Amino acid sequence: MASRKKTLLKVIILGDSSVGKTSLMNQYVNRKFSNQYKATIGADFLTKELTVDDRTVTMQIWDTAGQERFQSLGVAFYRGADCCVLVFDVTAPNTFKSLDSWRDEFLIQASPREPENFPFVLLGNKVDLEPRAISAKRAQQWCQSKNNIPYFETSAKEGLNVEQAFLAIAKNALAQQNSTVDLYNEFPDQIKLTNTQKSGGNGDSCAC
Amino acid sequence: MEDCEDCEEIFSQDGVLLKQAPATHITFVNTIGTLYISESLNSNKKRFIEWKPNDITVDSDIQDQEWAVVNTIQKRTRTLSGNYPPDYQNRIKCIKLNFEDIKSFRIANKSRQISFYDGKADCLCIFGFQHGSSDVLLSILKRMLRVSVSKRDKHLYIVYDANFPEFQQLDRSFAELNIQHDSRTLWSVFKNLKDHPYETTFEAFSKVTDYVYRSPEQRDLDDVDRENLNRSISEYENTTTHSQGDYEVVAKVPERKDFPRLRPLSLEQWKGHMNSEGKIEDVESVRNLIFRGGVTPCLRSEVWKFLLDYYPWSSTELERQKLLASKSDEYYNMKLQWKRMTKTQEDNFTDYRERKSLIEKDVNRTDRTLDFYAGDNNANLQTLNDILMTYIMYNFDLGYVQGMSDLLSPILMLLESEVDSFWCFVGFMNKVIRNFDIDQAGMKDQLSNLHTLLAFVNPQLANYLDTHDSGNMFFCFRWLLVWFKRELSLEDVMRFWEVLWTGYPCENFHLLVCVAILETEKPNIIQNNYGFTEILKHVNDLNGKLDMAVMLNKAEGIFYQIKESDHLTDNIRLILGLPLLQSQTSYGSHEQSPFEDSAELSNGTQPCCSVDNVRISPDEVAYERSINSSFL
Numbered sequence: 001m002a003s004r005k006k007t008l009l010k011v012i013i014l015g016d017s018s019v020g021k022t023s024l025m026n027q028y029v030n031r032k033f034s035n036q037y038k039a040t041i042g043a044d045f046l047t048k049e050l051t052v053d054d055r056t057v058t059m060q061i062w063d064t065a066g067q068e069r070f071q072s073l074g075v076a077f078y079r080g081a082d083c084c085v086l087v088f089d090v091t092a093p094n095t096f097k098s099l100d101s102w103r104d105e106f107l108i109q110a111s112p113r114e115p116e117n118f119p120f121v122l123l124g125n126k127v128d129l130e131p132r133a134i135s136a137k138r139a140q141q142w143c144q145s146k147n148n149i150p151y152f153e154t155s156a157k158e159g160l161n162v163e164q165a166f167l168a169i170a171k172n173a174l175a176q177q178n179s180t181v182d183l184y185n186e187f188p189d190q191i192k193l194t195n196t197q198k199s200g201g202n203g204d205s206c207a208c
Numbered sequence: 001m002e003d004c005e006d007c008e009e010i011f012s013q014d015g016v017l018l019k020q021a022p023a024t025h026i027t028f029v030n031t032i033g034t035l036y037i038s039e040s041l042n043s044n045k046k047r048f049i050e051w052k053p054n055d056i057t058v059d060s061d062i063q064d065q066e067w068a069v070v071n072t073i074q075k076r077t078r079t080l081s082g083n084y085p086p087d088y089q090n091r092i093k094c095i096k097l098n099f100e101d102i103k104s105f106r107i108a109n110k111s112r113q114i115s116f117y118d119g120k121a122d123c124l125c126i127f128g129f130q131h132g133s134s135d136v137l138l139s140i141l142k143r144m145l146r147v148s149v150s151k152r153d154k155h156l157y158i159v160y161d162a163n164f165p166e167f168q169q170l171d172r173s174f175a176e177l178n179i180q181h182d183s184r185t186l187w188s189v190f191k192n193l194k195d196h197p198y199e200t201t202f203e204a205f206s207k208v209t210d211y212v213y214r215s216p217e218q219r220d221l222d223d224v225d226r227e228n229l230n231r232s233i234s235e236y237e238n239t240t241t242h243s244q245g246d247y248e249v250v251a252k253v254p255e256r257k258d259f260p261r262l263r264p265l266s267l268e269q270w271k272g273h274m275n276s277e278g279k280i281e282d283v284e285s286v287r288n289l290i291f292r293g294g295v296t297p298c299l300r301s302e303v304w305k306f307l308l309d310y311y312p313w314s315s316t317e318l319e320r321q322k323l324l325a326s327k328s329d330e331y332y333n334m335k336l337q338w339k340r341m342t343k344t345q346e347d348n349f350t351d352y353r354e355r356k357s358l359i360e361k362d363v364n365r366t367d368r369t370l371d372f373y374a375g376d377n378n379a380n381l382q383t384l385n386d387i388l389m390t391y392i393m394y395n396f397d398l399g400y401v402q403g404m405s406d407l408l409s410p411i412l413m414l415l416e417s418e419v420d421s422f423w424c425f426v427g428f429m430n431k432v433i434r435n436f437d438i439d440q441a442g443m444k445d446q447l448s449n450l451h452t453l454l455a456f457v458n459p460q461l462a463n464y465l466d467t468h469d470s471g472n473m474f475f476c477f478r479w480l481l482v483w484f485k486r487e488l489s490l491e492d493v494m495r496f497w498e499v500l501w502t503g504y505p506c507e508n509f510h511l512l513v514c515v516a517i518l519e520t521e522k523p524n525i526i527q528n529n530y531g532f533t534e535i536l537k538h539v540n541d542l543n544g545k546l547d548m549a550v551m552l553n554k555a556e557g558i559f560y561q562i563k564e565s566d567h568l569t570d571n572i573r574l575i576l577g578l579p580l581l582q583s584q585t586s587y588g589s590h591e592q593s594p595f596e597d598s599a600e601l602s603n604g605t606q607p608c609c610s611v612d613n614v615r616i617s618p619d620e621v622a623y624e625r626s627i628n629s630s631f632l
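Top to bottom, those sequences are chains P and U.
Numbered by this note's numbering, the letters in the first sequence go through residues 1 to 208 in order.
Numbered by this note's numbering, the letters in the second sequence go through residues 1 to 632 in order.
Simulated from the structure, these hints should not be mistaken for lab results.
Note that this is a predicted model, so its numbers are computed, not measured.
One or more hints might be untrue.
Claimed, not checked - Distance condition first, Cα-Cα at most 25 Å in a straight line; then the derived SDA-like pairs of lysine to any residue:
1) P/Lys97 to U/Tyr352
2) P/Lys38 to U/Asp492
3) P/Lys157 to U/Ile526
4) U/Lys339 to U/Glu317
5) U/Lys45 to U/Arg143
6) U/Lys356 to P/Asn35
7) U/Lys431 to P/Gln36
8) P/Lys38 to U/Asn435
9) U/Lys96 to U/Leu145
10) U/Lys444 to P/Ser111
11) U/Lys361 to P/Gly80
12) P/Lys38 to U/Lys356
13) P/Lys38 to U/Met144
14) U/Lys343 to P/Asn94
15) P/Lys38 to U/Leu490
16) U/Lys444 to P/Gln109
17) P/Lys32 to U/Asp376
18) P/Lys97 to U/Lys361
19) P/Lys32 to U/Arg368
20) U/Lys537 to P/Leu129
21) P/Lys32 to U/Asn529
22) P/Lys38 to U/Leu546
23) U/Lys545 to U/Arg486
24) U/Lys545 to P/Gln36
25) P/Lys32 to P/Arg132
26) U/Lys339 to P/Asn94
27) U/Lys343 to P/Leu129
28) U/Lys444 to P/Asp104
29) U/Lys45 to U/Met144
30) U/Lys537 to P/Phe33
31) U/Lys537 to P/Gly80
32) U/Lys356 to U/Arg486
33) P/Lys38 to U/Glu491
34) P/Lys6 to U/Ile526
Produce the complete structure using the sequences and hints provided.
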């Protein structure tokens, strides 16, 4: 059964500087919040095991630098991503305006086979802060215009909605993996098939 | 050890500095003495090289170096033959190298240095000639030992076999060896080829095989000899691949030397280098001391201003005081430019507003765990903010890029003064400005240069990275962008930066530090079969675990390994700022140094000098000198 094999989901978090990417990742993986996270330089990731519909998956969450000029490095980190999480700060309108460019840039650099079906999830972070600049309605409208991207309002500081958001991220990533066998050209299953053919195969090899 | 009376002295030369020695004689390193070649008078007639320190009280204190040299010249006596008197006091200090232990030796430093090797890539001894040269010694060694010049290094002499005095009677060419009359000689040649492929040149080998293969039937070998010969050749063939593999490795990089770190530049040393007007007299030697050990903490706030080009190295105390006043005015002028901006101006100036907001965000998360920046409403955070804002006005094209607050933070923490910190920060930024290119071209270049250097020093690791999606070296991005600020403790990063700011021993030395670390991590990476993801994690997790002194030590060893390789490409030379091959060949025709055009680093005043046909900059000369006087 497919559910028995270990599944790795690669998730990339993108968004402007200081919207809370590192904090969201740490809140989800370590259930911790700190005011003292430094600006991310280069990239780093954390992993977390979780169960989605009775299936154990390992989520590898990639945290990247937020400043625009570091985007050109993305190509090394985006490859093989199963889901892209876009984050903005609900109190900072500019971070909302940048979403289009983050999404476009990701699609260009990761170049998934079906860009229009690639799973994104939008997080409006820092809902614990006032004053609010971007309403939930406005964010949802944007999501609808982008092929119904799921939207969550979170507070990494208070741990609000973070668990739910990442569960949805995992589900979307998994659904994507199941529906399109060949998300990228180098999907692992493809290699496996070749191996089976070479070794002469067992009963389950296809008759092509 | 043999007694002196039983030996005949064949040659002696005084004023010979012991630069490297076996552990047993390490205390005599950096001591002047006399070098002898002697022959034992008993039946074995063994010959050996002996070095004795001069009969003066010498301790290894660096400061006594000059004095020791002068003293030696006064005592100068030069003899070429005769029995030397017994000198029991020096007996224990003597270094003795039996001819049979010397497998190769190398002349360096324009014939002013000779190194002896034991054939296991270990250096037995290095001697420096304070006056005169190694020429006479070399000609004697050539006469007494069967030597041939290495094909890959014209300064390297391979000793074929010193065990057999018969060698002296043999003609120069292997092809002319009278093999059927002296099969022992032939075996020793083959034995050497098998045992010491490192040193035995392929040139020599080809001569022997020519002889063996071309006309074996004409040779009147007895059956035993023939059988031995065949066995030996087939054994050699069996090991050819292996030997060649080893040979390749040796050809890639010479042995790595150890360059211990020294104590930081002390207040006394610093003051000692200043004249009565407060001007630094020997800038290169000061910079060398800093490279070797950093700066003692209480002196940092002063020395950093020189290292970061705020104070000119050539300035007097008075000039510096004047400079401070004008630099202060200049700073506050620029600060006022943004301080005076009205709300409307800001609203109509998106670019400025974005930079301001980015600085604010980053200042609030820069080194907040350190006491200096901890707590709410910390005044130091405001200063950090103001300096970065003023830098925007100073260099609007660049503006603010993430990572810059990391570079400023230790400077402000050390200097505390807003104006001084600003100008020192400007100096640091000038050194690393390409890290912040809008298109990241500078970072990409560095990552690519890092890969080039790694491929030269450790092709196996470079190849592993290439075949594991990691040839882009992106996992080193953080190291390079902020010069290990995120990896090291505050104290270590201060030491590390001041060492790198000296610009010694070469350009882009920080890339060699990266090579050193990656090489250290190589077993982890390869044995665990890490791919890009795992390597990135592993490298990020080195944060807080790196030993800065070890890194620097190793990186310097790597630098010399690269520099002394004789297959250095211009590509590597360019990265490290070494003279290019083309310029080397044209030295004889004109006097211009390749460094004169790009004299960024070499603001020294000494003339360039030529060593081993390679022009080296004053910086390098001073650097080598400091090594010699420091610990070799």
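Hints, verified against the model:
1. Our distance criterion of 25 Å between C-alpha atoms is met by lysine 97 of chain P and tyrosine 352 of chain U, whose separation comes to about 17 Å.
2. Proposed proximity of lysine 38 of chain P and aspartate 492 of chain U is supported: the alpha carbons are some 19 Å apart, at most 25 Å.
3. Annotation: proposed proximity of lysine 157 of chain P to isoleucine 526 of chain U is violated, straight-line Cα distance about 39 Å (limit 25 Å).
4. For a cut-off of 25 Å, the pair hint linking lysine 339 of chain U to glutamate 317 of chain U is broken: about 33 Å separates their Cα positions.
5. This hinted pair checks out: lysine 45 of chain U and arginine 143 of chain U have alpha carbons roughly 16 Å apart, not beyond 25 Å.
6. For a cut-off of 25 Å, the pair hint linking lysine 356 of chain U to asparagine 35 of chain P stands: about 20 Å separates their Cα positions.
7. For the hint linking lysine 431 of chain U to glutamine 36 of chain P, the alpha-carbon distance of about 28 Å lies beyond 25 Å, and the restraint is violated.
8. The hinted pair formed by lysine 38 of chain P and asparagine 435 of chain U meets the criterion: a straight-line CA distance of about 19 Å does not exceed 25 Å.
9. Restraint check for lysine 96 of chain U and leucine 145 of chain U: satisfied, since their Cα atoms lie roughly 17 Å apart, inside the 25 Å limit.
10. With a CA separation close to 21 Å, the supplied pair lysine 444 of chain U and serine 111 of chain P stays within the 25 Å bound.
11. Taking the CA atoms of lysine 361 of chain U and glycine 80 of chain P, the gap is near 31 Å; set against the 25 Å cutoff, the hint is violated.
12. Straight-line distance between C-alpha atoms of lysine 38 of chain P and lysine 356 of chain U comes to about 18 Å, which keeps the hinted pair within the 25 Å bound.
13. Distance check on the hinted pair: lysine 38 of chain P and methionine 144 of chain U sit about 67 Å apart at the alpha-carbon level, beyond 25 Å; violated.
14. Between lysine 343 of chain U and asparagine 94 of chain P the alpha-carbon distance is near 18 Å, which keeps this suggested pair within the 25 Å criterion.
15. Taking the CA atoms of lysine 38 of chain P and leucine 490 of chain U, the gap is about 15 Å. The hint holds against a cut of 25 Å.
16. Using a Cα cut-off of 25 Å, the hinted pair lysine 444 of chain U and glutamine 109 of chain P holds, with the two alpha carbons roughly 17 Å apart.
17. Only pairs whose Cα atoms come within 25 Å are accepted, and lysine 32 of chain P paired with aspartate 376 of chain U is accepted, the gap being roughly 21 Å.
18. Between lysine 97 of chain P and lysine 361 of chain U, the direct Cα distance comes to roughly 18 Å. Compliance with the 25 Å bound is thereby established for this hinted pair.
19. Distance check on the hinted pair: lysine 32 of chain P and arginine 368 of chain U sit about 17 Å apart at the alpha-carbon level, within 25 Å; holds.
20. Distance restraint check for lysine 537 of chain U and leucine 129 of chain P: the Cα-Cα separation of roughly 33 Å exceeds the 25 Å cut-off, and the hinted pair is therefore not satisfied.
21. Proposed proximity of lysine 32 of chain P and asparagine 529 of chain U is contradicted: the alpha carbons are some 32 Å apart, above 25 Å.
22. With a C-alpha separation of about 20 Å, the suggested pair lysine 38 of chain P and leucine 546 of chain U falls inside the 25 Å cut-off, and the hint holds.
23. A hinted pair counts as satisfied when its Cα atoms are at most 25 Å apart, and lysine 545 of chain U with arginine 486 of chain U qualifies at roughly 11 Å.
24. Proximity of lysine 545 of chain U to glutamine 36 of chain P is assessed by CA-CA distance (about 21 Å); at most 25 Å being required, the pair is judged to hold.
25. With a CA separation close to 24 Å, the supplied pair lysine 32 of chain P and arginine 132 of chain P stays within the 25 Å bound.
26. This hinted pair checks out: lysine 339 of chain U and asparagine 94 of chain P have alpha carbons roughly 23 Å apart, not beyond 25 Å.
27. Using a Cα cut-off of 25 Å, the hinted pair lysine 343 of chain U and leucine 129 of chain P holds, with the two alpha carbons roughly 24 Å apart.
28. For a cut-off of 25 Å, the pair hint linking lysine 444 of chain U to aspartate 104 of chain P stands: about 23 Å separates their Cα positions.
29. Between lysine 45 of chain U and methionine 144 of chain U, the direct Cα distance comes to roughly 12 Å. Compliance with the 25 Å bound is thereby established for this hinted pair.
30. In summary, the hint linking lysine 537 of chain U to phenylalanine 33 of chain P is supported, as the alpha carbons are separated by about 21 Å, within the 25 Å threshold.
31. Distance hint between lysine 537 of chain U and glycine 80 of chain P is fulfilled; the C-alpha atoms sit about 17 Å from each other, no more than 25 Å.
32. For the given pair, lysine 356 of chain U sits about 23 Å from arginine 486 of chain U by alpha-carbon distance, which is consistent with the 25 Å threshold.
33. Restraint check for lysine 38 of chain P and glutamate 491 of chain U: satisfied, since their Cα atoms lie roughly 19 Å apart, inside the 25 Å limit.
34. With a C-alpha separation of about 24 Å, the suggested pairing of lysine 6 of chain P with isoleucine 526 of chain U holds against the 25 Å cut-off.
Figure legend: structure checked against the earlier numbered hints; hints not met, in rising order: 3, 4, 7, 11, 13, 20 and 21.
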